[in-house]
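Heads up: the sequence lines are chains A and B, in that order. The first sequence: position 388 = 388 (our numbering), numbered continuously. The second sequence: position 87 = 87 (our numbering), numbered continuously.
No lab work stands behind these hints: they were computed from the structure. Hints may contain errors.
Where chains are identical, the list cannot tell them apart; a pair therefore holds if satisfied intra-copy or between any two copies.
Stated by the list, open to error - Calculated cross-link-like contacts (lysine to aspartate or glutamate; reagent style EDC-like; alpha-carbon spacing at most 20 Å):
id: 1; residue 1: 79; residue 2: 100
id: 2; residue 1: 525; residue 2: 123
id: 3; residue 1: 525; residue 2: 506
id: 4; residue 1: 301; residue 2: 337
Computed from a predicted structure; not experimentally measured.
2 protein chains.
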Amino acid sequence: MITRMSSLFLRTLREDPADAEVPSHRLLVRAGYVRRVAPGGYTWLPLGIRVLRRIEAVVREEMDAIGAQEIQFPALLPKEPYEATNRWTEYGPNLFRLKDRKGGDYLLGPTHEELFALTVKGEYSSYRDYPVTLYQIQTKYRDEARPRAGILRGREFVMKDSYSFDLDDDGLSKSYQLHREAYIRIFDRLGLDYVIVSATSGAMGGSASEEFLAVAETGEDTYVRSTESGYAANVEAVVTPAPAELPVEGLPEAQVHHTPDTPTIETLVDFLNDKAGLGRTFTAADTLKNVLLKTRQPGQKDWQLLAVGVPGDREVDQKRLEASLEPAEVAMLEEADFAANPFLVKGYIGPKALQDNGVRYLVDPRVVRGTAWVTGADKVDHHVVDLVCGRDFTPDGTIEAAEVREGDASPDGKGTLVAARGIEIGHIFQLGRKYSDAFELDALGPDSKPIRITMGSYGVGVSRLVAVIAEQYHDELGLVWPRQVSPYDVHLVIAGKDETVAAGAEKIAAELSAAGLSVLLDDRKATPGVKFADAELVGVPTILVVGRGLANGVVEVKDRASGERTEVPVGEVVEHLRGVTGH
Amino acid sequence: MITRMSSLFLRTLREDPADAEVPSHRLLVRAGYVRRVAPGGYTWLPLGIRVLRRIEAVVREEMDAIGAQEIQFPALLPKEPYEATNRWTEYGPNLFRLKDRKGGDYLLGPTHEELFALTVKGEYSSYRDYPVTLYQIQTKYRDEARPRAGILRGREFVMKDSYSFDLDDDGLSKSYQLHREAYIRIFDRLGLDYVIVSATSGAMGGSASEEFLAVAETGEDTYVRSTESGYAANVEAVVTPAPAELPVEGLPEAQVHHTPDTPTIETLVDFLNDKAGLGRTFTAADTLKNVLLKTRQPGQKDWQLLAVGVPGDREVDQKRLEASLEPAEVAMLEEADFAANPFLVKGYIGPKALQDNGVRYLVDPRVVRGTAWVTGADKVDHHVVDLVCGRDFTPDGTIEAAEVREGDASPDGKGTLVAARGIEIGHIFQLGRKYSDAFELDALGPDSKPIRITMGSYGVGVSRLVAVIAEQYHDELGLVWPRQVSPYDVHLVIAGKDETVAAGAEKIAAELSAAGLSVLLDDRKATPGVKFADAELVGVPTILVVGRGLANGVVEVKDRASGERTEVPVGEVVEHLRGVTGH
C-alpha cells in the first residue's frame, strides 16, 4: 500500500498549538494526526486514524484471545437504567444529559455497566450459560471539568470496556486474572513502559482493583512504590498505616497558649520551641491542621460543612481528598461561609468549636486515641497544646486526605515509598454484585435456586493510547512510533528533482508495497530539507531516502529512533527493509 | 476461526418481537443479531457486529479505491458551525441538542457538512491542494419522529459520509461520477437489488442528486420509472409536466351553483353531470380541491396559513408536500384555526376567499393560465364552475404536492410511469457552494485570486444496510446471507451425541479454519431439530451437517438459499467447501 504525500490530507505545522501543554498534544497536532474541534473534542486526520485502528486491532485480538465476545451498545442511552443504579445522579456534572423530541431523558454513555448487566439478564437464565465476558470498543462521553492535553483527556473518546459475569468469587478471580494477563500482553505489544498499581484502599480488598499506569512525567496520576517490596499504588489508594492507640491516662492537661504572630505552622513551631517556655521541642508533625471544606451529595442542593484534620507537616492532597469523598462534590469555603459560621476562627480552628457546633470532623489515620496535638484554640492568636484525641476530642472518623510523600513507610511495612507520575491506560476491577443486585441478575442454579451473578469491570483507554504512546515515543524533532502502531512501515523520501531519482523511488515503493509493506511516499515538490523535517515530525520508524546515491546504486535507510543511517544497495533494499520491519 | 455456539453470546427467539413491522427487524432480533435498548437505539450482538464490520470493510475499500481519504469527526459538536449555516435552527426537532456543564450549546451530528468544510479550510489554501475527497464511517444521530423497523430507521446509526472539494464544476462532476461508480460497486458487491433514481426536482439540475434505493416492498420511499425511457425518480422528485397556457378570451363566465349534498368530489361530479343541467360532462380532474394547511419556518413560533390547490382526482401526497416545503414544518388545521378564520368554509373553500384574505395559495403545476375549474364558492353547499386561472384567480405559485400515479405521463415525455417501493441506501448530491459560501472556503488561484470551492456530498447508510440485505435475503425460515457479508463462511452442525461424531466434527472444523474459513460450530447439547432450526434462522449460506453419515465417511452440505443437499466424502469436505465459499 502506497500513500502519496502529494495528495495526502496532511499539512504539518511549524508552530506548536497555543493550548498544547504536553509533548504528545503538541506533536500530534503539529504532525497532522489530530485537530481540535471543541474543548475535549478532536478530529482524527488520516495519519491519526491509522494509528488508532492499529491500536484497536491489538486490543481486539487480545480480548478475543481470552474468549471475550465483542458487542456494541448505543452511546445515546435512556435514563432509566442509570436511575436504577443512582448513577444518573451520582455522575453529577460529568454526565452529558439531553432530552429527545418527546421530552424523554437520555444520556451519553460514560460507561455501560448498566447496559451490560441488563443485556446479559435479557439473554441468559441458567447457571449453564455462565461464565461470559463481553466487550465493546466504543465512543464514550464525559463532560470533564478540565479537558486537557489533547486526546489524553477528551470529552469524547474511544474506550474498550469489558465485563465478566461469573457465578462465584472464584470465577470472578479467574476472569480478573485473564484480563490482567491480556492487558499485560496489550501494553507490552504496544511497547509501553507501564506499572500496575493498586487502585483501591484496603477496605475493598487489596487485589480487587488495579490500574495500569503508563510512566510519564506529564501524567495526572501519581503512584508510589515500595523500595523493598512489590507494593505499588496510586496515591489515591494509599492507606496510611495508623499507629497503635495509646492510653490517655497520665497525659498532660490541655493548655491554651497565647501564640502571637504565628500565622503558619512554621512560625507556630518556632514560637513554641523558642518563646513558649514549655521545655519541650515540637515539630510540625506535632501540630494538627484543620482544613474547612464543604461537600454536597449528588442530586442535593445544599452544601454541608466538613473539617479535615491532618498533621501540620502535610498538605491536604486534593485528589486523595476527592477520591475519599466520592461521589460527593468538594469545594473550599468562601468568605460568606465564614461569615455565616462565626465560630470558625480562620487560622485558629480547633476541634472544640467544630464539635460544639456539630461540624463533621474527619481526621488523618495518624490521629488515633492517645495522641496529643498542638492545634487551634478557636480564638485569634491562640493555640492549644496537649489536646489529646479520645480525651479532649473525638473525631467523627478518619479520612485519607493527607499527602503521601516519598520516604513515607510503605503500607505493607516493607521499605519506604518512592513516587512517580503516570497516565492511566487501563483499569481492572472486581466490581462484585453492585449492578447484578440493582437489576436482580440471577442465574437459575442446578438446584433451581437463584445465584446472584458477580461482575468484573475492565477498561482500556484506546484513543488515549495514541497520545500515551506519543508521550513515551518522541524526541525533539518529532514523533518516533513503535513499529507495531506506526501509520506506515516505511517513509520513502524522494530527495531531488531528477526524473531518474523519482522513477527509481516509484519503482522501489511499488516493490515494497508488493512485499506487503505500507509506504508513505513523499513525492511532493518540496526541498529535501522540508521533506526530512516532516519525516522526523511524522515519526515513521524507518525512513528510506532515495536521492543522488541512486546513480551509484545505493539508497539510504535511516532509523528514526537511533538516527543511524545505512547505505543499502538498491537491489537489496526490499529484502533489507523486510528484515528491518519484520515483514 | 472457530466460534462455538456452546459459549457464543446468542440466544435465538422463537417469537417475533412485538414491535417488529418488517421481516428484517423480526429476523435480526429473533436470530440474535441486534437487541433494542431504546426507541431507535439498538445493541449489536456478536453476530450482528460481524455483519456490520464486513459491510464497513466493503464500503471502506471502495472509498479508498477512488482516492477518498478517511478521517473521523467527533459526534458531539459545538453549535457555532451549525449556526453559521442556519442548520442549528433548520434541523428542527430532528436534531439532538444538549448543553455542557458550562452551559455551552452542543449537538449530536446528524451530518457533518460544516465540519468537513471547516477542516479543509483549516488545512488547505492553494489551488494546488485540490481536489480532495474525505470520508468517515461514523455514528450519527437524528431524533426521528417515528423511529421504526429496527435498525432500518434508528436514531443512532452508522453512516459513511464523504465530501468532495473541487475547484470547478467539471471537477465536481468527475468527483460525483467517481462516487456514483463506487456506490454501484459497493451495492453490487453486497448483492443488493437496487435502482438509481433522480432525487431532486429539475430546478436543481437533473443529475445533481441521485438516490440509490434498494427494492423492497417494505420501503418508505416510493419511486417511479418510465415504461419507455431510463427515467427513474423518487416520487418526491417527480416534476409534474405543466400543460401549455391557454388564452382566457372567450371562455365562459364563472358561475356559482347551488350544489346540495355534495360533500365529496365524487358526489359533486355526479351532481354536476346529472342534476345541474349544464349540458357538459365533468370529471374529478376538472375540479380544484383546496387543502388548507399551516406551515412554520424553522426557529419561528407562529404558523402561517397555506392553501394548496390540486386537481380533484388526486390526493395530496404528504411526503411530496413536505419535501416541497422543506425546511418548514407542515400541520393540518385544527378546529381552532377554522374558528379563527371564519372565511374558510370547510368543504367549500375557493380561491376567492383565500385571495381576499391574503392566504398564500399554491397550486398544482397543471393549474396554468387559461384552465377552467369547478371549485368551492366559499359558501356552504355552493360551488363555482368555469373559474379560470389567470382570469378569475391568480395563485401565488405552484407546488409539487399532488400524488404521482402509475400511468401518469413520464416527465421526460417518453412512456408512462410505473411505481415501486424502496429503501434509501445511498445518496449522491452535487452540493455546490452552499457550505463553502457559508465558511468562505476559497483556494488561492494561480493568479492569486480566490476560487470558491464547490462540494459534493455522498452518503451510505452502513448500519441500515445490514437490515436492507436481510430484507432482500430471507425466507420463511430465517435469514439467508449473501456469502460476502455472512457472519461466518460455514455453519457446522454436530448432529448426534456420538463421541465419534463430535470428534470428527471438531477435526473438520479445525481443518476448515486452517484453510481460512470461518466456522460457526454448533457444539451445543441440543437436539438436531433445534440446531437445524437455529441454522436456518441465523442464515449462514452454507450448512455442514456432521452426523450419522460420518460412520460411512460422508457429511452433508446444505445450501441455505436453495435448500439443496449434497453428500460429500469426509476427505473432500475442506476442498469442497473452499470451492463453494470461494476461499
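For each hint, the structure was consulted:
1. When the C-alpha separation of residue 79 and residue 100 is checked against a cutoff of 20 Å, the pair qualifies both within a copy, at 11 Å, and between copies, at 17 Å.
2. In this homomeric assembly, residue 525 and residue 123 come within 20 Å of each other (Cα to Cα) only across copies, at 18 Å, whereas the closest approach inside a single copy is 59 Å.
3. In this assembly of identical chains, the alpha carbons of residue 525 and residue 506 lie at most 20 Å apart only when taken from the same copy (15 Å versus 58 Å across copies).
4. For a Cα distance limit of 20 Å, the shortest separation of residue 301 from residue 337 inside one copy, 15 Å, qualifies, whereas the shortest one across copies, 45 Å, does not.
In summary, the structure agrees with every hint in the numbered list given earlier.
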